[in-house]
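Counted from 1, the sequence shown has number 282 at position 282 by this note's numbering; the numbering is strictly sequential.
Please keep in mind that the hints were generated in silico from the structure rather than gathered at the bench.
Values in this document were obtained by computation on a predicted structure and should not be read as measured data.
Treat the hints with care, as some may be off.
Stated by the list, open to error - Just the calculated beta-carbon pair ranges, DEER-fashion:
(1) V98 - E206: 13 to 23 Å
(2) A193 - E37: 29 to 39 Å
(3) D94 - G222: 44 to 54 Å
(4) N54 - V227: 28 to 38 Å
(5) E262 - R24: 33 to 43 Å
(6) L52 - N229: 24 to 34 Å
(7) G296 - D94: 55 to 65 Å
(8) P274 - G294: 44 to 54 Å
(9) T299 - V134: 44 to 54 Å
Glycine is no exception: its CB is placed at the ideal position from the N, C-alpha and C atoms.
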Amino acid sequence: MRSQIVSAMAAGVFALPAAALAHRLPQEIEPNATAGEATPLVAPARIQGNILPNGDVDVYSFTASAGDRVFAATMTSWSASASTDSVLDLLDTDGTTVLETDNDDGTLGATSSSIAGAVIPADGTYYLRVRHSVATGQLRPYELYVVLRGGLQQVEVEPNDVFPGTPLSGTGWAGGALANGLDVDNYAIDLQAGETVFVSLDLDPERDTVEWNGRVGLGTFGGLVLVVNDAGAETPDSEALFMTARNAGTYGIQVLSATGVESGTYQLSAQIFPAPPPCLVANSLNVPVAIPAGPGVATSTLDLFECIRTG
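Build the full structure now, drawing on both the sequences and the hints.
This is the structure in structure tokens:
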């Protein structure tokens, strides 16, 4: 436990100790506009960054093995700018050659990015580049999720039409096919309160440009399943969805057709990120403290623990 002084200015601005920011996600390290300056990641990873100022580019590096599949997506829906339109590029080991790119396959927001199932050609260090779709746009902030899948993939086994479905194996990675446009494949996962799941659906696992219009769902919420289907700007198609569980329980992931007609093969990845450690609320020791009417400073003492929430 540490004793800290929190000062309140008459204008209403509070100066908080650095420990108050303990629950932020890991942050990008600027400058990181090139492969040589890339912010390193160890997958699975979840990191926060900003495309700021106009024309900014963020590059992240990660190590992968031949045959690994990359599942990555941006979440831009809470950007303070007027746009949520990101572009996500997967770069080869030279840091410049684009192996795969995506403009609009993400769902939070509607013009965020999703790459699902991209194949790593050889062992080495690869890069993900996040940018706005136009040089005059900003993302303030965005979250980037990165997962690598390799080894044995869980194979879908019918019947799995009843929600919440077949338990998803510990690999968090399954492959299957919808038998027809009315088929629904369900996979069950267990979440603890506060855990976040990143669900990524690859709609062209063979990378042969034969795609289908699929949707991915997650639930249940009062008996309902949240289903997303977002059109992308180029091939291959994919879907991405994020959720932080408010309550512990068994949740279901659905793979289904968006039209009730189309069907095809798919790969599904579901990565669970742990909940942050619990917080303690620190109360002022000498309250109330009057804030002066004019210029001035009012002080109060807080006993702060390693993990705090202030406000």
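Consistency of the hints with the structure:
1. V98 - E206: 13 to 23 Å: Given range 13 to 23 Å: holds, Cβ gap about 20 Å.
2. A193 - E37: 29 to 39 Å: 38 Å, holds
3. D94 - G222: 44 to 54 Å: At 50 Å between Cβs, range holds.
4. N54 - V227: 28 to 38 Å: 35 Å, holds
5. E262 - R24: 33 to 43 Å: For E262 and R24 the Cβ distance comes to about 41 Å; the hint holds.
6. L52 - N229: 24 to 34 Å: Cβ of L52 to Cβ of N229: about 30 Å, so the range 24 to 34 Å holds.
7. G296 - D94: 55 to 65 Å: With a Cβ separation near 59 Å, G296 and D94 satisfy 55 to 65 Å, so the hint holds.
8. P274 - G294: 44 to 54 Å: For P274 and G294 the Cβ distance comes to about 48 Å; the hint holds.
9. T299 - V134: 44 to 54 Å: 47 Å, holds
When held up to the earlier numbered hints, the structure conflicts with none and fits them all.
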